[in-house]
Amino acid sequence: MTGSTVEVRDLGVRFGAVHALADLSFSLSANKICGLLGRNGSGKTTLLSVLAGYLRQNAGTATVDGDPVFENATATGKVCLVRGTGDASPPKVAVRDLLDYGKQLRPTWDADFAAELVERFELPLKCTPATLSHGKRSALGITIGLASRAPLTIFDESYLGLDAPSRYAFYDALLADVLAHPRTVIIATHLIEEVGALFEDVVIIDEGRVLLHEDADTLRAAGAAVTGEATLVDSFTMGLQVLGEKSLGRTKSAMVYGPLDDRRRAQAEEVGLELGPIALQDLFVHLTSGGSR
Amino acid sequence: MAFDDRSPIYRQIADRIEAEVLSGALAGDEQVMSTNKYAAFHRINPATVNKAFQQLVDDGILYKRRGIGMFVSPQARQQIRARRRKSFFTDVVDPMVAQATAIGIELPELIDRITERAKEDRR
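If you read the protein sequences in the order shown, they are chains A and B.
Read in my numbering, the first sequence has 112 at position 112, and its numbers run on one by one without any break.
Plus 293 on top of the position in the second sequence (first one is 1) and you've got my numbering.
Excised from the complex, chain B in its bound form (with noise of 0.2 Å):
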């Protein structure tokens, strides 16, 4: 199953829907699969695809069309990346900066490997 049972499952829905916002494969004004649909396919219980659905909406990265379906908002991608930067660094800098010091690596050697992983991004 892709979903697991140890947090709830509404927010593993909007999260892998956010996460295919961010990663493009969906665009905006993109329409995403019917809650009954994604309920099926997934084997999930309809009212918990629902929850996910409204939860994403009242974020503003769906919106409804009434009678034809749920869409991604034009602003969606843009507004995601902001909330995530907002939480990157105490997400995932900081544990890993901790996680550095514990293993004995000097801020230095790591500031140098970011330093260079942008250099060849930048190539």
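Chain A extracted, bound-state conformation (with noise of 0.2 Å):
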């Protein structure tokens, strides 16, 4: 089996009067892994909670090959969502017992990964979730996702309570899986700087909307910092979409968003202007902070 198909289209979840999304659209091909970026409260929980079938649009549809998810075995059986909370899991039953479900009820399942992810992991077997420290919680979820080889396994701030060396073996992990047995992965994350190298695609979502969905090396050098006196920068970056300022004296620095073609470039050396990257985090921080709206 190989990776599942995402089509979400004027996604739109209303919780009482709160709009968490609203008219959100994106569409995902098999086999990518991607990174899902947004701030606290944006609706990266919300989106994923619909694509995994554990909640119900107010708008619009969500399809995983084509198939609407909302109480759909035949979609939702595709899908395996992890949270980093570790709500998903019945607190009171064994890890094994655990491990034991996705076995039956997936027919994706791989037991014997799952054998080995535990000792990696070093997951006490007869403990319930409930009894587990935050981390080890987190362990289960990463463990349950990875081994039900689902086509579309998505892990939503799993991370959380893991420490770094946990976290690196959980990137090992899926990685090594990933080549392995191809499928679609959705990361939703805050450690950028940590993850972005493992993400073909990232989607920024923001206020319920998708910001952006580009190729994760094309976001790496879509902004640059243009840095030098402050009445060149200004003219410089007319027309360009400015995503943030900073002023130091005469100097000023000027954070803008766009591809920069090489006449532009030449035209910045010509003037005296230095440009420079901007590291995937900052971009993101910059377009979600609110500083360009």
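Any given hint could be a false lead.
[To be verified] Away from chain A, derived, C-beta distances all over 12 Å, residues of chain B:
no.	residue
1	Pro301
2	Ile302
3	Ser316
4	Glu323
5	Ala333
6	Ile337
7	Pro367
8	Gln371
9	Ile373
10	Glu409
11	Ala411
12	Arg416
[What the hints assert, rightly or not] From chain B, some residues computed to sit far from chain A (all C-beta separations above 10 Å):
no.	residue
13	Gly317
14	Asp322
15	Arg336
[Claimed, not checked] Facing chain A, according to a computed beta carbon distance under 10 Å, are these residues of chain B, among others:
no.	residue
16	Arg299
17	Ala320
18	Glu413
Hints listed in this document are in silico derivations from the structure and should not be mistaken for laboratory results.
Glycine included, C-beta positions come from ideal geometry on N, C-alpha and C.
Could you use the hints to bring the two separately framed chains together as a complex?
This is the structure we're talking about:
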């Protein structure tokens, strides 16, 4: 089995008067690792809950391999959503039994791989999630997500409470497994610097809408910090999308978004302006901090 | 992490492999790591690694042997050297001269130093 495609169109979710998602659209081709970035309360978990069939949308459509997700076993059977809070696992069932459920419920489940991950994360089989530490609960979620081999596997801040060595063990296991068994993976995270290199696509959502969906490497080249004499910076950035500015005396630094061609770069050099790269995380911060709005 | 988030990673991978070819760490007709191994080793998305290797194939630096893997082209080193030679003066020498002028180093002083280094290297 290979990865699923995802198609979300004009999705809307309302909690009372609060619009958690509004006209949200994006699509994902099969076998990609996609990073889902967004600030707290931007709607990441709501979106992922709809994709996994945990939540019914108020408007629009969400499909997996073309099948609507909500109350549709054909679609939900292909999706495994792992939440960092671990609230999806029944608290009073032993780890061993939870893994056994996975085996019975999921045709793609790999029991040997699950056992290997249990060992790697040192999970106590007889304990229940309620008695596990936050970190171990996260490791249990990750174990279930990886061993599910679900065509659409979603990790929603699944690293919460995990120490750095365990997080790297997770990234290594994920990458190795996806190479051997291609599938579609969505990772919602705030640790952009740490996992950024794993993403092929990046989706940034803000206030319930898709702010951008871009190839991760394209995004790494999409921003530039223009630094120099303030008036020169101002005239150079005229007409460009400026995400943020900083001034120190007569020097100014402006973050611009959008590709700069060779002609523009040569122009900057000619007047003595310095062009620096913007890291993915900084770009995210500037795009979502409200500085541009 | 060996690669940073400040420029396209595929470009950083290509640069690194070119640097290894230039230094002789990778010789002509030598096999390079498979894309999957490379991805797993450096914790990078395999599609990104593929893109880098494809770029190097398009540039004639690597070639594919069906079913076996990727190899360094015999003329890769020459080719990279020729390309880098072209951009050396604009990328390295011009900024160096600009910097020297800015801090008050006279050009003859700079030339003396280069001549001196050349003598040392010949010894």
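Here's how the hints hold up against the structure:
no. : hint   : in the structure
1   : Pro301 : 4 Å, violated
2   : Ile302 : 6 Å, violated
3   : Ser316 : 24 Å, holds
4   : Glu323 : 23 Å, holds
5   : Ala333 : 6 Å, violated
6   : Ile337 : 5 Å, violated
7   : Pro367 : 29 Å, holds
8   : Gln371 : 26 Å, holds
9   : Ile373 : 21 Å, holds
10  : Glu409 : 31 Å, holds
11  : Ala411 : 30 Å, holds
12  : Arg416 : 38 Å, holds
13  : Gly317 : 28 Å, holds
14  : Asp322 : 26 Å, holds
15  : Arg336 : 6 Å, violated
16  : Arg299 : 4 Å, holds
17  : Ala320 : 27 Å, violated
18  : Glu413 : 33 Å, violated
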